[in-house]
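Engineer: Between the sequences and the hints, there should be enough to build the whole structure, so can you do that?
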Amino acid sequence: MAFTFAAFCYMLSLVLCAALIFFAIWHIIAFDELRTDFKSPIDQGNPGHARERLRNIERICFLLRKVSARAALVLPEYSIHSLFCIMFLCAQEWLTLGLNVPLLFYHFWRYFHCPADSSELAYDPPAVMNADTLSYCQKEAWCKLAFYLLSFFYYLYCMIYTLVSS
Amino acid sequence: MSAPAGSPPRAAGARSQPKLGGAAASGAAAGPGPAPPPQNGPAQNQMPVPSAYELYSQSYSIPSGHHFQGPGKMTSLPLDGQCGDYYSGFYTASTQNAVTPKTTHQPPGAEQVYGRLLPAPHSAGSTPECFQGAASPASHLYVSASQPSSSFVNHYSGPAMYSASSSAVSQGFPSTCGHYAVSTVSNAVYPSVSYPSLPAGEPYGQQMFTSQNASTVRPVRDNSFSSQNTALSRPSPLPPPPPQQYHQQHSLSGYSIPSWSASGPPSAQDNLIRNHAGSLPPANNNPTNTGMQYGEYVNNQASSAPTPLSSTSDDEEEEEDDEEAGIDSSSTTSSASPLPNSYDALEGGGYPDMLSSSASSPAPDPAPEPDPSPAPVPTAPQPSKVAKPFGYGYPTLQPGYQNAAAPLHSGGQPSPGYSGFQQYAQQYPGMNQLSSSLGGLSLQSAAQPESLRPVNLTQERNILPVTPVLAPVPNLNLELKKLNCSPDSFRCTLTNIPQTQALLTKAKLPLGLLLHPFRDLTQLPVITSNTIVRCRSCRTYINPFVSFIDQRRWKCNLCYRVNDVPEEFMYNPLTRSYGEPHKRPEVQNSTVEFIASSDYMLRPPQPAVYLFVLDVSHNAVEAGYLTILCQSLLENLDKLPGDSRTRIGFVTFDSTIHFYNLQDGLSQPQMLIVSDIDDVFLPTPDSLLVNLHESKELIKDLLNALPNMFTNTRETHSALGPALQAAFKLMSPTGGRVSVFQTQLPSLGAGLLQSREDPNQRSSTKVVQHLGPATDFYKKLALDCSGQQTAVDLFLLSSQYSDLSSLACMSKYSAGCIYYYPSFHSTHNPSQAEKLQNELKRYLTRKIGFEAVMRIRCTKGLSMHTFHGNFFVRSTDLLSLANINPDAGFAVQLSIEESLADTSLVCFQTALLYTSSKGERRIRVHTLCLPVVSSLADVYAGVDVQAAICLLANMAVDRSISTSLSDARDALVNAVVDSLSAYSSTVSNIQHSVLIAPSSLKLFPLYVLALLKQKAFRTGTSTRLDDRVYAMCQIKCQPLVHLMKMIHPNLYRIDRLMDEGAIHVNDRVVPQPPIQKLSAEKLTREGAFLMDCGCVFYIWVGKSCDNTFIEDVLGYPNFASIPQKMTHLPELDTLSSERTISFITWLRDSRPLSPVLYVVKDESPAKTEFFQHLIEDRTEAAFSYYEFLLHIQQQICK
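Protein chains in written order, with our numbering: chain A, 6 to 171; chain B, 276 to 1473.
Hints in this document: simulated from the structure, not taken from any laboratory.
There is no bait here: all hints are sound.
Here are the simulated DSS-like cross-link-like pairs (lysine-lysine), alpha carbons at most 27 Å apart as the crow flies:
{"no.": "1", "chain 1": "B", "residue 1": "Lys1135", "chain 2": "B", "residue 2": "Lys783"}
{"no.": "2", "chain 1": "B", "residue 1": "Lys1041", "chain 2": "B", "residue 2": "Lys1473"}
{"no.": "3", "chain 1": "B", "residue 1": "Lys1193", "chain 2": "B", "residue 2": "Lys914"}
{"no.": "4", "chain 1": "B", "residue 1": "Lys1193", "chain 2": "B", "residue 2": "Lys975"}
{"no.": "5", "chain 1": "A", "residue 1": "Lys144", "chain 2": "B", "residue 2": "Lys783"}
{"no.": "6", "chain 1": "B", "residue 1": "Lys1135", "chain 2": "B", "residue 2": "Lys781"}
{"no.": "7", "chain 1": "A", "residue 1": "Lys144", "chain 2": "B", "residue 2": "Lys781"}
{"no.": "8", "chain 1": "A", "residue 1": "Lys144", "chain 2": "B", "residue 2": "Lys1135"}
{"no.": "9", "chain 1": "B", "residue 1": "Lys1116", "chain 2": "B", "residue 2": "Lys1193"}
Structural biologist: Dropping the structure here:
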């Protein structure tokens, strides 16, 4: 029973993983909000609603932007996840690292290959409402949620295992 | 109102955030939030009051004739003599404070003046009274502010003038606000106001239908009447009536006239349409022919009784425009055939619903039925009179519809134009037996094999039909076919919808819709009723394809919910009978327009607001577009769509922004200059957008003065971004249309752009860069505009690279439109100047809809996933369109989410809700119905190749922007390869060594090759980046008919135009030469050819072209004397000249983009451009058609 670096890594990642789960849930809610719109004629024909809706979309997209001082959700998520990978690399937890590397690469790809032309937004307001973009984003968020949840329990297990075994 | 009132501060706050820094005080000085414009001055200057002066002088420079030696930032305004007094009246609120730079006498109250004065309009947002209150102190302040200045500077041209002008301004306030209050003020006031759109709903609806009713009966009843109509309709507005007018008239006619026969024709438009039924028959001198047609018509109604020939087209999906096509090839002066009329009636256009209803159910109105046949007889003797209404009624001829005449002749003389009328031949192999299959279903089985007939592409040399390709007709039964939406408005790439996504994937064909929702229609039923019947769950509008379960219930055809029929709907005003909901016009027409009740608006319909933002930098003045623009505006000022509330404004910019105060009551327009481009504000927000009618004289003065005001300018910079921000601020209270004229790369302020084009890369075959925008400034601006219901239209008149890909964003996301005039110069390039002139005329006078949204619904199981066009996607099926114009096209990609096995029909419905220029809220609804098929062969049989190509082009544009051009090109080629290989491996069982396509797809490779050689996608040929981007914008937002010409031009031989097969338009004979394939092998040195590329016409004259042609048509004695640059055909008094000109005019009509004509001599250097369009030929960089086929074959075999 010793408190190794690996055990520390797992404990830290356990905490951070909770944060990632929160991010993923937030994404899901955001996209769901984007998708829902009311179909009543009043809403449809209402310019006020148009503005509200537009602002809503923009707000969500801007919240999802990659780099920004305030309220950016994408970059923290990516950086937390990269931090995991670095920690596991240092702790020489190869299996855990291996599990995380695909997502890491995906994040890199997503970050440098963003749909919006401006380098700021990961999600482009005019494009995000296209049904396939939206469903892609939603799927992505769900998958990430599942991944984070699973890895949460995996980290929990690993943490206990390293604590107990050593 | 909370939202609108809240938004300007938000926007301003966001934008000025970086600036604000320590200037928090400014906000306080300016008073409570709602006054972004006024705060800007102080905020930017960040000055305590007294010393602020110098800085103010930067902000506002004063263009006053004599004082005008201001150093530093003073804008040097070149004023000619008259400007002295022109400007003398210019001192208004803002300029007062600025006064002259060197005198130090800033009145301490100045800042407060700002703070107080300008919030006024905003506070007006809450209540009108409050506004009044705010206005009057403001006026006091003005006066008091001007006094100190006058006492300080006595030499100054006069305090009197100051106070005069300022008081004038302040006087002006209340009046504006009166107006303001009415139109925009607050929702708080509004909801209680009942909205004028429904002044008398019920009676209107009734009257209107009554008139419809009467109108249908009319052709029958009295033919003499029809000729009378004709006479009356002739003085109607214009030979090519501006589209918006029709519409209005149209609806008016519906309202006000109790019955046609009683009061005579109220509106030309309607008359014309109606007339055809009655008045065309007389035009026909050929009694036998007439009799035959009518016989056929009766047949349709009875659905029995075989007709000898010519009956095919009643099943064909024809346009309303058919009429002109129904012309005798004999080409005597007046030879309109009655046949199309009956189509007109049968196909669901507008009022003809009567006829079609009678066709579908003989019971209710027996009167019309027997009538058509007697009809022609009495009126036959007056042919000359009757020929007229033609042109008037159908100014929007499309070459595509000329074929309607074909069935008439197909049995008779083989005119060159129609000899190969493939479409009909395909659909109805046994034309003469058609009537036997009128039942409908047996017809389908006959039709399918034909469109499935395998064509060996490599063997078939003349793949292109000589007549324009028509849209295939969905395989529905007769009833539905008649009711279905016109393919001009609504087209689907697959007219047979595959049952499952798996089937669709197997077919490897794109599935999508091509929409042209706001097209100018010659006839459109307008319905006013208190309740607009819609499905309760999916909100679908009731349409011809719903099913009535019983008298009181209907089943939605999109979600299958059973709905109640409201009481009001039970009454049918057409027949004045009760209990026939299925006879209502909504259920008899697939394209209808509702006048929306107040449920459909939360704010009052906005007035028509037009703002012109004009580049007046040196470059712009040099190009000379101002003269043309002002001239066009002067000419069309009265024709701008709108009502008494119409407002107009002007903003010009170079390195500063100039506003024009046009408030009614001023003696001259006042120019206000804002040189603070980093934080733009509006000097006098109320008087910049003025009522068109109240300030007409001032506007005219300004338009007359504008072209000369900047003639000596040396300012080369262009602050487009700040000008747009100002325009946005100006427009945001109401929304409307901003027209931006830009002549160079924006070089100052926000949104400045750098040249990104590398000329050496123009003809690169590898990578084409910079197709995407360089900055998202314009996109953000466009989104803001879209949120405020403002559309930005861009006119780019540039001689060098101006980064259209960035600039276009301002129109793309705000539902505007883009016009591009490369190398524009008013004198050096007269053809472009003329093009601008024509297009401006169309632009200014065409119909416009404001604050529009378009929702597209489709049957459960289908879903839309990507939209193409200029708009903002607000929800998964809702497009937000700040403006809608008749020239905008859209495309939608579809996917099949659930199996459609349990249904045999799918429907699509677009509903476009907009505010007309008259301040009415209207909903235009199109419904398209298509069959569902389960076999792959059927899917191939129903391919609409043109729609598929247009959709593919849209997808390819997206692809080339998101990934790369070469990727997009590969995808295009793969689309052909995949679909053809899928076809040959599944449907046909011929071996793989030959390239086989179903007849419906035979043009697919050709069109794809054309796309690959189109400016947007071509590589290897030198293409300027802006040209390429513009072509892409065109693909995205042009409707299908126009887009197809851009992709695949039509080539005609015009040196031997014959009247054979000609049609009649506007009293003119328009010859119809056959379409040649786009290959040099078709060109002969002895001939002259016309190529119609959509936005350009080329006339290629062969070296040894007949001298008589050159002399008669071009007006030169021989080939050698034809000048190199010839852009006009002279109107000569010869038959061939007349024919050529009428043909070209006919081609030109009704295009959104007026084509430029170039006469290209065989040897001139310009001929390369002509030859670039010969897409079947090989070029250095691209395949010939045959090579392309081989390439495809190779790919398939791999």
